[in-house]
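S.K.: We have chain A; now place chain B onto it with these hints.
Note that the protein sequences, when read in sequence, are chains A and B. So for the first sequence, the working numbering puts the first residue at 572; every next one is plus one. So for the second sequence, the working numbering puts the first residue at 572; every next one is plus one.
Some hints could be false.
Same chains, same names: a pair is fine if it fits in one copy or spans any two.
[Claimed, not checked] Computed list of lysine to any residue pairs in SDA-like fashion (alpha-carbon distance at most 20 Å, straight line):
id, residue 1, residue 2
1, K710, L590
2, K923, R901
3, K923, D912
4, K923, V713
5, K923, A608
6, K710, P688
7, K710, E997
8, K710, G741
9, K710, A740
Think of the hints as simulated: they come from the structure by calculation, not from any bench.
2 protein chains.
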Amino acid sequence: MTTVVEPTPAGPSPRPRVLPMSPNLALNQRVDERRAAGEDILHLGFGESRLPAFDGLVDRLVAGARRNAYGAVQGDATTREAVAGYFTRRRLPTDPGQVVVAPGSKPLLMALNLVLPGDLVIPRPAWNTYAPQAALAGKHCVSVPIPAQAGGVPDPALLRETLRAERRAGRDPRTVVLTLPDNPTGTLAPPALVRELCALAEEEDLTLVSDEIYRDVVHDPATPFLSPCEVVPHRTVVTSGLSKSLAVGGWRIGAARFPADERGLALRANVLSVASEMWSTLAAPMQEVARYAFSEPPELRAHLANSARLHGVVARAVHGVLTAAGADCRPPTGAFYVYPDFEPLRPVLTAKGVTDSPSLARELLDASGLAVLAGHLLGDDPGALRFKAATSMLYGDTPPLQWESLRSDDPLALPHVAEKLRRIEEGVRRLVS
Amino acid sequence: MTTVVEPTPAGPSPRPRVLPMSPNLALNQRVDERRAAGEDILHLGFGESRLPAFDGLVDRLVAGARRNAYGAVQGDATTREAVAGYFTRRRLPTDPGQVVVAPGSKPLLMALNLVLPGDLVIPRPAWNTYAPQAALAGKHCVSVPIPAQAGGVPDPALLRETLRAERRAGRDPRTVVLTLPDNPTGTLAPPALVRELCALAEEEDLTLVSDEIYRDVVHDPATPFLSPCEVVPHRTVVTSGLSKSLAVGGWRIGAARFPADERGLALRANVLSVASEMWSTLAAPMQEVARYAFSEPPELRAHLANSARLHGVVARAVHGVLTAAGADCRPPTGAFYVYPDFEPLRPVLTAKGVTDSPSLARELLDASGLAVLAGHLLGDDPGALRFKAATSMLYGDTPPLQWESLRSDDPLALPHVAEKLRRIEEGVRRLVS
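Excised from the complex, chain A in its bound form:
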């Protein structure tokens, strides 16, 4: 049989440092623990659209279930055609040869970090994965505060200053990530602001990574959307995916669009090289789903429109509750988040020991069972009284309730939605009184 060698006593090897879990996922775990201990918690800290999968998507997954062979690293030709059509319909004429599909936009963003030269600039606050990915790729990452108008983009004047300062410090900022619409603020940068950033990108020779995974979750279809890729197509990579707009985060389907010029295609080839070593390919049955979804048949468009409307109605309601209590908060126009700032209420909060974003999130959880993601976990100033709340957690805890929310003309009047909204209202009132 086998000889089992006993573990040697702790030798000279250093004990590995334990890296942090992505903070939203860590918060999930904490919520699960407290719930297991019997606490009743309203979890507003996770960026998931809590809606069921659309039947047409499930049908495609089932139809693809026998596809067991490895597929092409870049994705099926027909799937990439559908993605190219998706972008082309959004004023970004695209050839399938510019597209890569992948198991989520997360690995695509990681691959970009691994192959793009130079350092990274991200907005502050931003989605909690941009900075850790840059660190894993050995990149220096600096964040620039967002302007008052909207999140997801660095304030242009501050960006210019930061680029200068970084270069003076010997760093080499070359890529800026934009999030349109934005996670965590739930706002969409207006076209004039996007143009300003694009002009700056030209001046400063920057590559833009435009994370447009929330693009189909703009609440009002009349809201003007300008992708930086329409303005500076040769220096913009667009990433997208189905996790948010179609509530299939658990299926891991993402896509990226690269510039059509020689440098863009070389960048794509490099991303494919990383993909071939890091994840091989999007799962074959999911290629079927992606082809269907990105081709946007009428029934799916209707579902997307209903979803975006629901996200808007509920996000605006939560925004109303927060501003009524005295918080500052940009009105949400996209995604399913609000990002309030309780600075106007600092004196009241200080009196009860709430002085920064960690204590603000803790107070809401301890006093009212409301789990939110504290602003500092999104790269924001820890001293600021800010947090992100995912309003998509209000649609109901079961598929039938979620379908009811989606189909209702007045979702706020549904008891299961109204009850959660009332709970937020009470929690916020308790916080500021």
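M.R.: Only chain B this time, still in chain A's reference frame:
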């Protein structure tokens, strides 16, 4: 509307260097191109088990098709229980808390590269992804020739020498990858050899990454299998997956088992940190498949046994063809590869301009339409006359033929298998005559 800024003339930004595609995937593309041009090619260069998906697996994927929510980064508790049972049945008592499931073992190996300290040692030849992953993670990687007995492990004496030499050169080799059974040689390191490597790992304080994705593709169930994790469990991480044994490479399902001690669990936590930023989670419907597969119900065990038997019969037949023609070749005992060495035929080959592994692979492709993976693409000495051939491409080009191969008592007698085998025989005869 939008202002389209014309691309600026090539500025000071350097044109990005184009990184290579994983060579097996690059060969696929070349084969596709030549086939599109009308050539009839027998593609032996891709490490895929060309068999259909087992019905029980497809049923589980369909059953899980409505699971659209993000799951836990480490995988469902029930899926990890099944994986723990799988390892426990293989003399590796495992708690679900030691397990991580992921979209393939490839991302798990990449995450290990990102979090394990020090440099990497791999066998020569080895699977073509180990070295590029190390490079992406910023690690130095050195390869050590395999011994005559079997591939998948470095020769112990040469490994010891290499460790010394690397340290003298200021490097810090800390991790060794083993492949049991091996890709590309199709052989399984015998227990005595594994013990020797484990003793060396103790002496030299090395971490072992034991890639056991071909473990259930040992041809003869009586062949003794010793995992280094049975010998030095505190310093061994085992990776596995369903792509090879169950022919579902296109589904992307992998798993890893970490040591149960404090350092092992810290390493697991670090891999989960990377996972949370790099891929989030294994797709939820695939968690259902993984739970079923790793729990190994009787019908699936029978299918696995049939598959392993077929792989063995065909690999041995191809081995017979190669050695009959005068090549050296380790007898295959696992996986679905042979790795011949045409050194004994060098004089004959030199006469026709075949002098190294690139020209050997080219000659087989040009003269006989046989696509194989040249040894240098697997890290081997380019001057050696070696290549890898995946014998799993002989089972038939359609699911009915593949099922027939799998169910046959004498697959070599089936016309669709015999024809391909004859084609290899003719190609090899043409090469050496």
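S.K.: Does each hint hold? Answer for all of them.
M.R.: Hints, one by one, checked against the model:
| no. | hint | in the structure |
| --- | --- | --- |
| 1 | K710 to L590 | both (17 Å within a copy, 18 Å between copies) |
| 2 | K923 to R901 | neither (25 Å within a copy, 75 Å between copies) |
| 3 | K923 to D912 | within (17 Å within a copy, 77 Å between copies) |
| 4 | K923 to V713 | neither (33 Å within a copy, 59 Å between copies) |
| 5 | K923 to A608 | neither (26 Å within a copy, 76 Å between copies) |
| 6 | K710 to P688 | both (9 Å within a copy, 18 Å between copies) |
| 7 | K710 to E997 | neither (44 Å within a copy, 53 Å between copies) |
| 8 | K710 to G741 | within (13 Å within a copy, 24 Å between copies) |
| 9 | K710 to A740 | within (15 Å within a copy, 27 Å between copies) |
Violated hints, in rising order: 2, 4, 5, 7; the structure is consistent with all others.
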